[in-house]
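Using the sequences and the hints, build the whole thing.
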Amino acid sequence: MAVRQTDLLQGTLDLLVLKILGTGPDHGYGIATRIHQLSDEVLRVEEGSLYPALYRMEESGFIDSEWRVTENNRKAKFYRLTRKGRVAAQAELEGWLRLSKAITRVLRAIEQGA
Amino acid sequence: MRLRLPRLARVLLALFTWRNRDREMDQEMAFHLESITAHYVRSGMSRTEAEHAARRRFGNVLRLKEAGHDVRTAHLDELARDMTYGLRQLTGAPAFACVAVLTLALGIGANTAIFAVVKSALLDALPYRDADRLVRVYGGLVSGTQRGGPLSAGTVKDIADRQRSLSSLAAFTDVGIDAVYGGNDGAQMVRMTWVEPAFFETLGVQVALGRTFRDDDALSGLVPLSGGQLAPDAPTAVVVTDSAWTRLFAGDPGVLGREVRVNGIPRTVIGVLPRGYLGPMGEVDFYFAFDLDPVRDNPIVARRSQWLGLIGRLKEDVEAATARDEIAEIWAGLVREYPADNGTLGIATMPLRTAMVGDTRTPLLVLMASAGLVLLITCANLAGALLSRAISRRKELALRAALGAGRGRLVRQLLTESTVLALAGATAGLLVAIVILGALRDLAARALPVHTNLWLDWQALVATGLLAVCTGLAFGMAPALSVNRADTRSALHDESRGASEGRRSRRLRGLLVAGQMALCVSLLVGAGLLTRSLWAMTGQPMGLNPEGVLTGVVQLPAREYSSPQQRVLFREQFEERLRALPGVEGVAIATSLPTAVRQRSGVTPEGTSPDAAQPFVLTSVVSQDYFRLLGIPLRAGRTFDAQDHPNSPPAIVVSETMARRFWPDGNAIGARVRLGPDRNSPLLTVVGIVGDVRNDRARPEAEPMAYRSTRQVPVPILMFMVRTTSDPMLLARPVERELEMMNRGIPLQRVMTLATLLDEGLSGRRLPVLLMAAFGLLALLLASVGVYAMFASLAAAREREFGVRLALGSRPAAIAGLVLRQGAGWMAAGLVVGAFGILLVVRLLGDLLYGVSPLDPVTLVVSVAMLVGCATIALLVPVVRAMRVDAAVALRAQ
Numbered sequence: 001m002a003v004r005q006t007d008l009l010q011g012t013l014d015l016l017v018l019k020i021l022g023t024g025p026d027h028g029y030g031i032a033t034r035i036h037q038l039s040d041e042v043l044r045v046e047e048g049s050l051y052p053a054l055y056r057m058e059e060s061g062f063i064d065s066e067w068r069v070t071e072n073n074r075k076a077k078f079y080r081l082t083r084k085g086r087v088a089a090q091a092e093l094e095g096w097l098r099l100s101k102a103i104t105r106v107l108r109a110i111e112q113g114a
Numbered sequence: 001m002r003l004r005l006p007r008l009a010r011v012l013l014a015l016f017t018w019r020n021r022d023r024e025m026d027q028e029m030a031f032h033l034e035s036i037t038a039h040y041v042r043s044g045m046s047r048t049e050a051e052h053a054a055r056r057r058f059g060n061v062l063r064l065k066e067a068g069h070d071v072r073t074a075h076l077d078e079l080a081r082d083m084t085y086g087l088r089q090l091t092g093a094p095a096f097a098c099v100a101v102l103t104l105a106l107g108i109g110a111n112t113a114i115f116a117v118v119k120s121a122l123l124d125a126l127p128y129r130d131a132d133r134l135v136r137v138y139g140g141l142v143s144g145t146q147r148g149g150p151l152s153a154g155t156v157k158d159i160a161d162r163q164r165s166l167s168s169l170a171a172f173t174d175v176g177i178d179a180v181y182g183g184n185d186g187a188q189m190v191r192m193t194w195v196e197p198a199f200f201e202t203l204g205v206q207v208a209l210g211r212t213f214r215d216d217d218a219l220s221g222l223v224p225l226s227g228g229q230l231a232p233d234a235p236t237a238v239v240v241t242d243s244a245w246t247r248l249f250a251g252d253p254g255v256l257g258r259e260v261r262v263n264g265i266p267r268t269v270i271g272v273l274p275r276g277y278l279g280p281m282g283e284v285d286f287y288f289a290f291d292l293d294p295v296r297d298n299p300i301v302a303r304r305s306q307w308l309g310l311i312g313r314l315k316e317d318v319e320a321a322t323a324r325d326e327i328a329e330i331w332a333g334l335v336r337e338y339p340a341d342n343g344t345l346g347i348a349t350m351p352l353r354t355a356m357v358g359d360t361r362t363p364l365l366v367l368m369a370s371a372g373l374v375l376l377i378t379c380a381n382l383a384g385a386l387l388s389r390a391i392s393r394r395k396e397l398a399l400r401a402a403l404g405a406g407r408g409r410l411v412r413q414l415l416t417e418s419t420v421l422a423l424a425g426a427t428a429g430l431l432v433a434i435v436i437l438g439a440l441r442d443l444a445a446r447a448l449p450v451h452t453n454l455w456l457d458w459q460a461l462v463a464t465g466l467l468a469v470c471t472g473l474a475f476g477m478a479p480a481l482s483v484n485r486a487d488t489r490s491a492l493h494d495e496s497r498g499a500s501e502g503r504r505s506r507r508l509r510g511l512l513v514a515g516q517m518a519l520c521v522s523l524l525v526g527a528g529l530l531t532r533s534l535w536a537m538t539g540q541p542m543g544l545n546p547e548g549v550l551t552g553v554v555q556l557p558a559r560e561y562s563s564p565q566q567r568v569l570f571r572e573q574f575e576e577r578l579r580a581l582p583g584v585e586g587v588a589i590a591t592s593l594p595t596a597v598r599q600r601s602g603v604t605p606e607g608t609s610p611d612a613a614q615p616f617v618l619t620s621v622v623s624q625d626y627f628r629l630l631g632i633p634l635r636a637g638r639t640f641d642a643q644d645h646p647n648s649p650p651a652i653v654v655s656e657t658m659a660r661r662f663w664p665d666g667n668a669i670g671a672r673v674r675l676g677p678d679r680n681s682p683l684l685t686v687v688g689i690v691g692d693v694r695n696d697r698a699r700p701e702a703e704p705m706a707y708r709s710t711r712q713v714p715v716p717i718l719m720f721m722v723r724t725t726s727d728p729m730l731l732a733r734p735v736e737r738e739l740e741m742m743n744r745g746i747p748l749q750r751v752m753t754l755a756t757l758l759d760e761g762l763s764g765r766r767l768p769v770l771l772m773a774a775f776g777l778l779a780l781l782l783a784s785v786g787v788y789a790m791f792a793s794l795a796a797a798r799e800r801e802f803g804v805r806l807a808l809g810s811r812p813a814a815i816a817g818l819v820l821r822q823g824a825g826w827m828a829a830g831l832v833v834g835a836f837g838i839l840l841v842v843r844l845l846g847d848l849l850y851g852v853s854p855l856d857p858v859t860l861v862v863s864v865a866m867l868v869g870c871a872t873i874a875l876l877v878p879v880v881r882a883m884r885v886d887a888a889v890a891l892r893a894q
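These protein sequence lines are chains B and F, in that order.
Numbering-wise (this note's numbering), the first sequence opens with residue 1 and increments by one.
Numbering-wise (this note's numbering), the second sequence opens with residue 1 and increments by one.
Don't take each hint at face value.
Straight-line C-alpha distance at most 30 Å; calculated DSSO-like pairs for lysine-lysine [what the hints assert, rightly or not]: (1) B:Lys19 - B:Lys101; (2) B:Lys19 - F:Lys65; (3) B:Lys19 - B:Lys77; (4) F:Lys157 - F:Lys395; (5) B:Lys84 - B:Lys19; (6) B:Lys84 - F:Lys65; (7) B:Lys75 - F:Lys65; (8) B:Lys75 - B:Lys19; (9) B:Lys77 - F:Lys395; (10) B:Lys84 - B:Lys101; (11) F:Lys315 - F:Lys119.
Covered stretches of chain B, as calculated for chain F (at least 3 residues, CB under 8 Å) [stated by the list, open to error]: (12) 73-83; (13) 102-113.
Quick caveat, the hints were computed from the structure, so don't treat them as lab data.
Note that the Cβ used here is the ideal one computed from N, Cα and C, for glycine as well.
In structure tokens form, the structure reads like this:
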């Protein structure tokens, strides 16, 4: 079953993109593909959400972009994490871990109680 | 990391690079689509199928792009919305908008105009290469009566030989000298100057056409100039300035090699100077090269005739101060070596810019500061006005806050509104600036440094724009500060229109009024002090009566009138013709007009050692009627008359101050002196003592002065003065006709009344006074409006409260007292702070003040009284209105 983007909690897409770009610059299609693959094909990011998110983060200075040539000799726009973005990614990650831990704890307590 | 621009810059960038971004997004989407398609093809779909599937999955490309644009231009949209809203707010209150824009236009316009002048005079590069490496060397009298004076040829040579800090230096005649250009028909007056061949190279000026001087262009051969100075007038090579080239040769590129006649001598044009070039001696038409060696070899004039300017270019690693010290040291040596020649003289070396700016620096800075104060008052004024509007808009703002607008968002909106207002003001202000600069071109041409250019350039426009934005932010700050989220609820609940305003915003407005009072009183005191100085200057007796006198200049071409007899004959005939004109009461001739005497001569009374240092006195050669015509009183002896002729013993008339200084025992009459550089010149006998004439009106005491007779000194330049019973200017045309009848080749120059001439001598002093007084009055007006506006709205806001008080039995007078006390408190606070402002202004004015104490009680009292008077009137209007409040109406009004 593919989880659609709308099911992603708000803010998690930004976190995923930032973390992926943390491993190296990539273009939009590459980011979408890697999220898809890394999630064992569970998460599929819609382009209609991905690009606005990229533009927004570029505007906020978390990432910047430049045109480069892919290994297939095509010109593509590569996004790269900035120092500010790295800090933001760390903060978002911590927030996410805290949140997911909390949710897990709640769910586990209910399961055990049941 | 890549450089990130500030947000506003990025928003603007987004606006200008819209098309680019659009194309970039197109490319990015295309790449993405193709990658998906390729992926589908790899997993087994046909090409067409894959393309369709990819497009389906990708969704609406257009919508994606819009999302992209939205992210980038959200701020821009917001800005545009705020601006439109701001404009709507302004058109909704046209009276307010008009007054605000008008005040701003005056404030910003004045600043722009003064800034343009200051920038041009003090900041803009001089038209020379590396102009900050140039220095100017001045002579002068140690007594201080002459600063920025010329040097002797001997001094120039010794400095050139001994100095180590300048890479090149060149002397030049310090002033442009009038010359006749052209032949007997249609002769024109031009200004010429002589320079050493290295002059242009030292300045770093390249010619536009031809070449500059070479050493062999410099010819000597001395001809006498006005007042006994000597300068070579034989050189044949001429370099013309751009203005002369366009004016006299119609910009003809074939002018090189052409023969021109100047002072009747044929010469050849060898070069044309570039447009925009201006020499340190001011506007001239023709440059000649001279060789100073023969002058130096002449023992009479080598060191005793001071007539040269000197510029130098500093060596690479030498500071101006080092050169100054070195030249001062050389000069100290020259004073020891030639005490008789140099004993009473001094020297000063300064950067060329300082030299060219001269005495105008302080007045300009004072004016800039005054204009700045006016703008601050404008800001405070508008801040108060906008604050009132913000208070009446409290509910609107509260509603916006309640609907989710953040405080930052509201502040931004208010600031945008005030900036829109400021920009409108700046646009109108540019018109004001253009008008002011136009007026200054007429008024101030003589009072400003020669290189000043009175036009608005793009830098001035940018400065105006920045000024407008800063102004907008400054006066928008007050209402923005009053935005307070905490009282949203109370503001919305508060149904009544007339609840009293908050304590906080009332205090803010009080501070604004106090600030205006402080600024205004400083400005008024400054203007008052300058006005008093000017009065002191003009009020002191001049020593002569200028009314009803027409003056003008006639210069005899040296070649045509080379013998003394010819010159005497011309003068006598000219005098005779003028005397015969109807309405003429008297005619006088002199080498200098009174109060504009430049010539100074060394004095050696009989019996003093020829090696003693020579004191200098002003000298002028005058005709018989000079003293009577100008009303200069005779104190003792006689003035010149028919007994003085070329063969009688040479006579001299001295001023009272000169008589006192040289013959303190009162035995001046009959004493004998030598005048001028030549130690063997004939002795002159003092035949009379006349009253003092102040040559420099900015100095309280008269300089000693000596007069010689035109009967004994035949001069080539004639300044004539004609006294008439009617308007002197009516004589201008008849005088010109008489001259034409005598010789068509001699133009009549600088015809004006003596009163105008005396006025011009003061224009440098009068201009800052006029402008500062105008600023002071403007400030007074603005401050009064500010006080009125504050208390009017304060009283209006408390109308209901007053109603309650009246209903409870309070007397109207008590209410008036209430408002007055509050107003008086803020005014007093403003005046106390203003005391510090006054101290600052007085310090800045410093040496502009003349004959008035910096803390002149009259000025202080009058300024404060004027301000308090106007403010009180402004205050009383709303108070009287408050007293008339009808309790019933005020309470019922909802």
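*Agreement of F:Lys315 and F:Lys119 with the hint, judged by alpha carbon distance not exceeding 30 Å*: holds, 27 Å
*chain F covers the segment 73-83 of chain B, three or more CB atoms within 8 Å, holds or violated*: holds (count 6)
*Do the alpha carbons of B:Lys84 and F:Lys65 lie within 30 Å of each other, as the hint requires?*
holds, 25 Å
*Measure nothing beyond the straight line between the CA atoms of B:Lys75 and B:Lys19; if it is 30 Å or shorter, mark the hint as holding.*
holds, 24 Å
*Between B:Lys84 and B:Lys101, is the straight-line Cα distance small enough, at 30 Å or below?*
holds, 26 Å
*Proposed proximity, B:Lys19 with B:Lys84 (alpha carbon, max 30 Å)*: holds, 13 Å
_Satisfaction of hint between F:Lys65 and B:Lys75, Cα-Cα up to 30 Å_ = holds, 19 Å
*Given the hint that B:Lys19 pairs with F:Lys65, test it: the Cα-Cα distance must not exceed 30 Å.*
Given that 30 Å is the threshold and the Cα spacing comes to 25 Å, the pair holds.
_Closer than 8 Å Cβ to Cβ for three or more residues is the test here. Does the segment 102-113 of chain B pass it with chain F?_
violated (count 0)
*Has the given pair, B:Lys19 with B:Lys101, been kept, meaning a C-alpha gap of at most 30 Å?*
Distance of about 19 Å is within 30 Å: holds.
*Take the C-alpha atoms of F:Lys157 and F:Lys395, compute the straight-line distance between them, and say whether it is at most 30 Å.*
With Cα atoms ~82 Å apart, F:Lys157 and F:Lys395 exceed 30 Å; violated.
*asked:* For B:Lys19 and B:Lys77, compute the direct alpha-carbon distance and say whether it is at most 30 Å.
replied: holds, 18 Å
Of the numbered hints given earlier, the model fails hints 4, 9 and 13; all others are met.
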